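All chains should be modelled from the sequences, with the hints used to inform the complete structure.
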Amino acid sequence: MLLTRTFEEKLASMYRGGRITGGVYVGKGQEAISVACGIFLQKGDIFAPLIRDQAGRSAFGEPLVDVARTYLGSRTGPMRGRDGNIHRGSPRDGQLAMISHLGAMVSVVVGSLMAKRGRGEKNFIGLTAIGEGGMQTGATHEGMNIAAVEHVPLVVVATNNHYAYSTPNDREFACANLVDRARGYGFEGYELDGTDLAQCLDVIGTAVKRARAGRPPQLVVASILRLAGHGEHDDFSYVTDDIRKEPFAIDCLQRTEAFIKERELADAATLQRWREEAAEEVENAFSAAQKEPVPNGEEEDWCAISTRDLVDEIE
Amino acid sequence: MSITYLEAIREAQAKLLRDDKRVFIYGQDVGGSFGGAFKATKGLAKEFPGRVLNTPISEDAMVGTAIGAALEGMRPIVEMQFADFSSIALNQILNNAGTHYWRTNVPIPITVRLPSGGTKGSGPFHSQSMESLYAHYPGLIVMTPATVEDAYTMLIDAVAIDDPVIYCEHKYLYYHLKADSLPNDRMPVGKARIARTGRDLTIVSYSAMLHESLSAAEEIAKEGFEIEVVDLRTVKPLDTAAVLASVARTGRLLAVGESFPWGGVTAEVIARVATEGFHLLDAAPARVNAKDTPIPYHPNLWSTHRPSSRVIAAKARKILRE
Chain X
69 MLLTRTFEEK
79 LASMYRGGRI
89 TGGVYVGKGQ
99 EAISVACGIF
109 LQKGDIFAPL
119 IRDQAGRSAF
129 GEPLVDVART
139 YLGSRTGPMR
149 GRDGNIHRGS
159 PRDGQLAMIS
169 HLGAMVSVVV
179 GSLMAKRGRG
189 EKNFIGLTAI
199 GEGGMQTGAT
209 HEGMNIAAVE
219 HVPLVVVATN
229 NHYAYSTPND
239 REFACANLVD
249 RARGYGFEGY
259 ELDGTDLAQC
269 LDVIGTAVKR
279 ARAGRPPQLV
289 VASILRLAGH
299 GEHDDFSYVT
309 DDIRKEPFAI
319 DCLQRTEAFI
329 KERELADAAT
339 LQRWREEAAE
349 EVENAFSAAQ
359 KEPVPNGEEE
369 DWCAISTRDL
379 VDEIE
Chain G
19 MSITYLEAIR
29 EAQAKLLRDD
39 KRVFIYGQDV
49 GGSFGGAFKA
59 TKGLAKEFPG
69 RVLNTPISED
79 AMVGTAIGAA
89 LEGMRPIVEM
99 QFADFSSIAL
109 NQILNNAGTH
119 YWRTNVPIPI
129 TVRLPSGGTK
139 GSGPFHSQSM
149 ESLYAHYPGL
159 IVMTPATVED
169 AYTMLIDAVA
179 IDDPVIYCEH
189 KYLYYHLKAD
199 SLPNDRMPVG
209 KARIARTGRD
219 LTIVSYSAML
229 HESLSAAEEI
239 AKEGFEIEVV
249 DLRTVKPLDT
259 AAVLASVART
269 GRLLAVGESF
279 PWGGVTAEVI
289 ARVATEGFHL
299 LDAAPARVNA
309 KDTPIPYHPN
319 LWSTHRPSSR
329 VIAAKARKIL
339 RE
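Taken in order, these protein sequences are the chains called X and G.
Under the working numbering, residues 69 to 383 are what the first sequence spells out, in order.
Under the working numbering, residues 19 to 340 are what the second sequence spells out, in order.
Warning: the hint list may mix true and false statements.
[What the hints assert, rightly or not] Taking lysine-lysine and the DSS-like style, the derived pairs with C-alpha atoms no more than 30 Å apart in a straight line are:
| no. | chain 1 | residue 1 | chain 2 | residue 2 |
| --- | --- | --- | --- | --- |
| 1 | G | Lys-64 | X | Lys-111 |
| 2 | X | Lys-190 | G | Lys-39 |
| 3 | X | Lys-190 | G | Lys-64 |
[Unchecked claim] Computed footprint of chain G on chain X, listed as stretches where at least three residues anywhere in the stretch have a Cβ under 8 Å from a Cβ of chain G:
| no. | segment |
| --- | --- |
| 4 | 153 to 165 |
| 5 | 199 to 212 |
| 6 | 249 to 262 |
| 7 | 372 to 380 |
Hint data in this document are derived by calculation from the structure and do not stem from the laboratory.
Quantities reported herein were computed from a predicted structural model and do not represent experimental measurements.
Glycine is no exception: its CB is placed at the ideal position from the N, C-alpha and C atoms.
Laid out in structure tokens, this is it:
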């Protein structure tokens, strides 16, 4: 959580300094949920993160330098300057590369899980993240339904951050509670307070265990307030003062720090050392990525298919 | 023995399921004893238990699931009930499967079967030809087999290809087209075929329109002109060299396709010949497409909406007179 927050603060400051091309999307306020998504996953599992899941991506093993490389367009990075920011992934390692169209990755995870089952693999699960905004797309509906029909070990973690870009919940959906949909799809559903790390670990950890044990697909609906804009270009002035006072508007990182202090799990010096270590790791990631070559349009391999002899040649 | 275009598609899938454990078929009504709306998978669910699976009416999720399975090493075949309904899956096909190799260096070997094209009485939502739309987007291979032999071998090729393949099978050809047997040999993917040799005009076509074009050529032959008919076989990649070679022999070009006229395969054929082989042309090239309206229900309207051998022959005569 701390590493993600430190990294994304640096990223945002570089964006404001004009050093990042394209958008910057951060998970401020969502780190506790996201880290709980990544931390229970094992090799052989499938993770399809969304735009606010740096903590989960790191917890599942994404090297921080790959994030820096993607934002800086490094030719050495996983996306080689061809796609930026949050669309990165490493599909061969089970980290899928999301597309911007929300809900599209739900059924993709279902297919990967079916293939694993067909091959006779055991003890694997898939986890995908969605928001309350993304839950309103047709793709999410189709994906969740087909997950239940295929009875795959899937966990869907839906974070209600109370805004789809600038649109508040009352213009997004009209059901009393999004978790009620679990029953409609044939999922098992849980709610949690996304500002509370212990609860995130408990509820998401339990959902992962249940999925591994062959229970029906799991839906976890977490509640938080997004503590940043949709992207760094967005001043989130539409967030009302009232909503900022809600319990779900608490910063999960501050709450976790307070918890650590209260329980005396670490002293002030240790906390300070963690901050310094995180800052150093972030600096190392960016300074490594900055040294790498960027792509060149004249030298690029402009080929969208892997079957070279079937490339359509247009003069 | 004779075998239809539809039976060739079924046989190709049976062979694929038999020879390759990675293959499975995913689509609406393809499983059980039903075997698909057109029976292209008849009997396969019984012969290959657990590998021919019915899906909910969820075109987006059908393709998304296939993408995920392909990422894990499978070779899924998705059957759309009608090509028209693949519009619901456009996002998965174009934005997910079509971009994946470019973005991540990991290709997505899925085959999406589209029962395409018009038949009498099918109307606006069960008649569409979508090859032009799919060919427009990067990252996809688009096949349009016009013969029983190609229907068989190209489907086998489609599954072997590491990239996403849109396989447009024509519903009008399902029962109308018959061959004596399944082929042992195959032409390479991406290469056009000279379906009829000639010296006076080149007609470039594919899928069901190949047969309308061949009929038009026979008609015109009675008038003393020999038309060469090129079957593109795949519209992407488009075998520009074969088209140019034919136009070099004839000096005249007519492109015929069943999809809507704006942009598309016929426009692309003419654009390529105009830019790369302008000096070969003795007359302005022309094209015949369906009309720029939704596809009508009534046979009297449909037979006029769709390019017919009569309209193709009329256009051919006009070019030959120039």
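query: Quick check: which numbered hints come out false for this structure?
result: 1 and 6
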